[in-house]
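Please model the complete structure; the sequences and the hints are all you need to start from.
The primary structure of each chain is shown beneath.
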Amino acid sequence: MIGILWDNFDYAVSVLLFLIGLYCVIAKNNLIKKFMGLNIMETSVFAFIVALGVVKGGSAPIMEPGARPPFINPIPQALILTGIVVAVSTTALALSLIVRVWRQCGTIEADELRELE
Amino acid sequence: MKRALVIVLLAIVAMPLLAAMAAMPRFGSAEQPAYTHVAKRYLERGVEEAGAENVVTGVILNYRGFDTNGEVTVIFTACAAVIAVLAGSRNRQDQREAASSVPESLVVRYVVRLLAPFIALFALYVVLFGEVSPGGGFQGGTVFGALLIVMTVAVSRNQAERLLPLRIRPWLQIAGPLSFLAVGTAGVVLTGWYLGFPQGATAATRLMLMVLEFGIGVGGATVIASIFWRLGDEA
Amino acid sequence: MWWQWPHWLPLAVLVPLGGGVVTPAVARGSARRAWGWAAGVSAATVAVSLALVIRVARGGPFSYAFGGWQPPYGIEFRFDEVSAFAFVVAFLGALAIVFSRQYAPHALAEPRVPYYYTLLLLDIAGLIGFSVTGDLFNMYVFMEIVSLTGYALVAISGERIAEMAAFKYLVLGAVSSLLALFGIGMLYGVTGTLNIADAASRLGAAASTMPVIVAVALLVLGFMVKAALFPLHVWLPDAHAIAPSPVSAVLSGLVVKLGLVGMLRLYGVVYASRAVDLSSLNWLLTWLGAVSIVMGAFFAIFQDDIKMMLAYSTISNIGYIVMGFGLASQYALVGAAVHIFNHALIKSALFLAAGAIIYQTGYRRLSDLRGVGRGMPLTAAALSVGAVSIVGIPPTAGFLCKWYIALGAFEAKRAAFGFALVFGALFIFVYYIRMVNAFYFQEPVHADVTHVGDPPLSMLVPVWILAALCLIMGLAGKVPLTFVAPAVSRLLGPLGG
Amino acid sequence: MTLEMSRLFDAGLMVLLVLCALAVVRTKDLLAASIVFSAYSLVMCLVWDHRGAPDVAMTEAAVGAGVTTVLFLSAISKTVRKEK
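Chains as they are written, first to last, in the numbering used here: chain A, 178 to 294; chain S, 1321 to 1555; chain X, 97 to 593; chain H, -2 to 81.
Don't read these hints as lab results, they were simulated from the structure.
If you're wondering where the values come from, they're calculated on a predicted model, not measured in any experiment.
Check the hints yourself; a few may be wrong.
[Said to hold, decoys possible] Here are the in silico distance ranges between beta carbons for each label pair:
{"no.": "1", "chain 1": "S", "residue 1": "F1442", "chain 2": "H", "residue 2": "R78", "range": "29 to 35 angstroms"}
{"no.": "2", "chain 1": "X", "residue 1": "P490", "chain 2": "S", "residue 2": "V1508", "range": "47 to 53 angstroms"}
{"no.": "3", "chain 1": "S", "residue 1": "L1325", "chain 2": "X", "residue 2": "G300", "range": "35 to 41 angstroms"}
{"no.": "4", "chain 1": "S", "residue 1": "L1325", "chain 2": "H", "residue 2": "L5", "range": "36 to 42 angstroms"}
{"no.": "5", "chain 1": "A", "residue 1": "E294", "chain 2": "X", "residue 2": "F506", "range": "24 to 30 angstroms"}
{"no.": "6", "chain 1": "S", "residue 1": "T1356", "chain 2": "X", "residue 2": "G136", "range": "46 to 52 angstroms"}
{"no.": "7", "chain 1": "X", "residue 1": "G125", "chain 2": "H", "residue 2": "S74", "range": "27 to 33 angstroms"}
{"no.": "8", "chain 1": "A", "residue 1": "E294", "chain 2": "S", "residue 2": "R1489", "range": "34 to 40 angstroms"}
{"no.": "9", "chain 1": "X", "residue 1": "D544", "chain 2": "S", "residue 2": "V1326", "range": "49 to 55 angstroms"}
{"no.": "10", "chain 1": "X", "residue 1": "W379", "chain 2": "S", "residue 2": "V1326", "range": "41 to 47 angstroms"}
{"no.": "11", "chain 1": "S", "residue 1": "L1325", "chain 2": "H", "residue 2": "R78", "range": "27 to 33 angstroms"}
{"no.": "12", "chain 1": "S", "residue 1": "R1526", "chain 2": "X", "residue 2": "G156", "range": "36 to 42 angstroms"}
{"no.": "13", "chain 1": "H", "residue 1": "V15", "chain 2": "S", "residue 2": "T1356", "range": "28 to 34 angstroms"}
Cβ atoms here follow ideal geometry from the backbone N, Cα and C, with glycine treated the same way.
Right, here's the structure in full:
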């Protein structure tokens, strides 16, 4: 399995990043930090999907005169462009909620907020 | 203790994920299903069918245009959500003064003023040449939004806000969805399908793609700047 | 005929979407104008989605290819019997908007009101899009529209606890969306397509089943967080109880169903391809469903806050539906699919009625609301009708679908779950009896509660339309059951279910 | 041979990526963490450019490294700088 994982090395790195992000979301107490973790998770999934489109020796799918095949699969790239926009939208909303929580509760540590409830 | 539990949990999550990754079609292979099925047609006929040399642009605006219609809605949703969550939390006049009391560096201010037109030009370039080179409406719009943010921080918020007049800002924020609705309807008239484009790189196709790119760009820039300003309004 | 015009299908999404985005620009800060516009747009959406339901009832499923790109090359909308959920969405959304006429300016700060309607309309658009799309990634995009608007709508009242509840919802919701996206990515990697029907036909040829199993697991996990199945329900009670009441009705009635409709779509891919064996997943879902029924009901008994009680009751009802999915027999799946529709009606009726009571009296605890049956006779009666329906007493909407799920349990030779279901219904009966008892038979604590009077018509009419539907759907219960049956047969077809 | 070189380059970027992610998690100072997050996004952007996805790389540079970081900074300036 290790040998196969080396072939699919890029996918394995995505999983690793996903786990790091998940750790940050679960174990960290600060809400802003939790959200940084979530952003790492998001980019890791994006990296996985972009990696799906790679073809060895391929070039970017821009058909300029002189560009030669093989070209990289454009679909994952199109999906991830949408994904990035979704990610930044979620982040913007989350951060404005965090700022509001700070103003109303004076803390953004999850355990202290739980005590306030 | 908590940490140990989290690590055990992560290990449990890691096992199936890694097993799945090991069994995925081989990375970079030209025989994997992702490359031989739908993508094949996009790469072989994308330029003639979708009307853009950059096939990624062709995919996001033409083949899978409706996804992008959803995407521009998502980003406007974020804007509406941030405004709704933060609205009316503080008198606006106060923050104007608070914002202008930040100590500023003359050098930074001068450099920003000097660079601003060039950044704006670059944003325009990214939007205009999205069909033939990397980039496109959203990337250009983000660059322009970033310029507005930099101007807010380094020069003055009033000056930055003047570029997006308050009176028409609600319309600028929805430029993305509106351009999609307009082009989509034009598609119904021209081809009989929502978001349909006339085949090939005709003038009509180019024009429709351009309207979309500009709509996405203007909408994106306005939304990003609006979110930043609204977040700045908070004490 | 008029309903055969092909463009009704995209319009069902585009009308609320376009109407929603322009609301702030049209309203120019006026709550009244915003309401008028939103009500008009939602009425148009109801009309459009009605055309779709008529068309599917007459001629079976149909689809629309965006940009004229035939699947799998473009994005496809596919309307089948399950997509009729879109009509329920449009209808309940319209009622929630009508209900908000006096409620929103009362509960929210003035500048937020136009954005409140924007978010509600976009939520409706996202839900309709989710239930009609035939494309995996498009499903993700609509899921995100629904989720983002949902988080914001929970927080919109600006109260401290609302914002904290919204943040909790946001973190779990964002992680679950991400899990679903990961799963979608894997399915794409294995099949090379994003179209649901095409993926179903290509999945059988997958070189290895491992990625498919993990992708299904990730998608199920993501959808079950959205559906708030026990033990993934932690975000739901606070979010649904604290949100403004029309929002609670939309969230509890419609937004949690997103995960369940998503599950049906996923089953559509996996059952059809027979690529992986789902029996162990179904076993797990049946158990979790049963636990969910009991735990939701158990927690509901101890709630004094009326909306908190309704929120826990949602968890219990999601349990019924998921159990129906897990049993995977014809009867159980038909019952579960119809309960998606019926629970939406009943729970919206309950939340809107509870909202009207809170609006009139200012109290939200059962102990404070004693005697409200005398003060607000019509509203309390509607709430009681809803309560009777959700328990599943025979002539009401809740009965037939729960009965079908129980029949499904016997059909699948797992009678124990049938009994669990009846037991759960008894539990639910206990806490609704407690509510009815407090309304009609206990001595009032606050004298003003007994003579507040019924709410304005903009609230009373939607509440009673829904309460009446609870009764009508009970009497005409066979109609939806026979309506979704073909979709379920198609789903189970290859299994010979 | 060139293919192998590019594979090694890729592997190096990957290691850098994981290190950046770990640094984001470990840094207690939120301001520093957001700057490291920005660096993480930039490395990610290099990876994607290297994989033939210049459009995505450009978006990630503008959105991930730019706007997201600015939003984080803005939120931190409104709340606290240090994680407890």
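To see whether the hints hold, each was checked on the structure:
| no. | hint | in the structure |
| --- | --- | --- |
| 1 | F1442(S) x R78(H): 29 to 35 angstroms | holds, 33 angstroms |
| 2 | P490(X) x V1508(S): 47 to 53 angstroms | holds, 49 angstroms |
| 3 | L1325(S) x G300(X): 35 to 41 angstroms | holds, 40 angstroms |
| 4 | L1325(S) x L5(H): 36 to 42 angstroms | holds, 38 angstroms |
| 5 | E294(A) x F506(X): 24 to 30 angstroms | violated, 44 angstroms |
| 6 | T1356(S) x G136(X): 46 to 52 angstroms | holds, 49 angstroms |
| 7 | G125(X) x S74(H): 27 to 33 angstroms | holds, 29 angstroms |
| 8 | E294(A) x R1489(S): 34 to 40 angstroms | holds, 37 angstroms |
| 9 | D544(X) x V1326(S): 49 to 55 angstroms | holds, 51 angstroms |
| 10 | W379(X) x V1326(S): 41 to 47 angstroms | violated, 28 angstroms |
| 11 | L1325(S) x R78(H): 27 to 33 angstroms | holds, 29 angstroms |
| 12 | R1526(S) x G156(X): 36 to 42 angstroms | holds, 40 angstroms |
| 13 | V15(H) x T1356(S): 28 to 34 angstroms | holds, 32 angstroms |
Of the numbered hints stated above, those contradicted by the structure are hints 5, 10, listed in ascending order.
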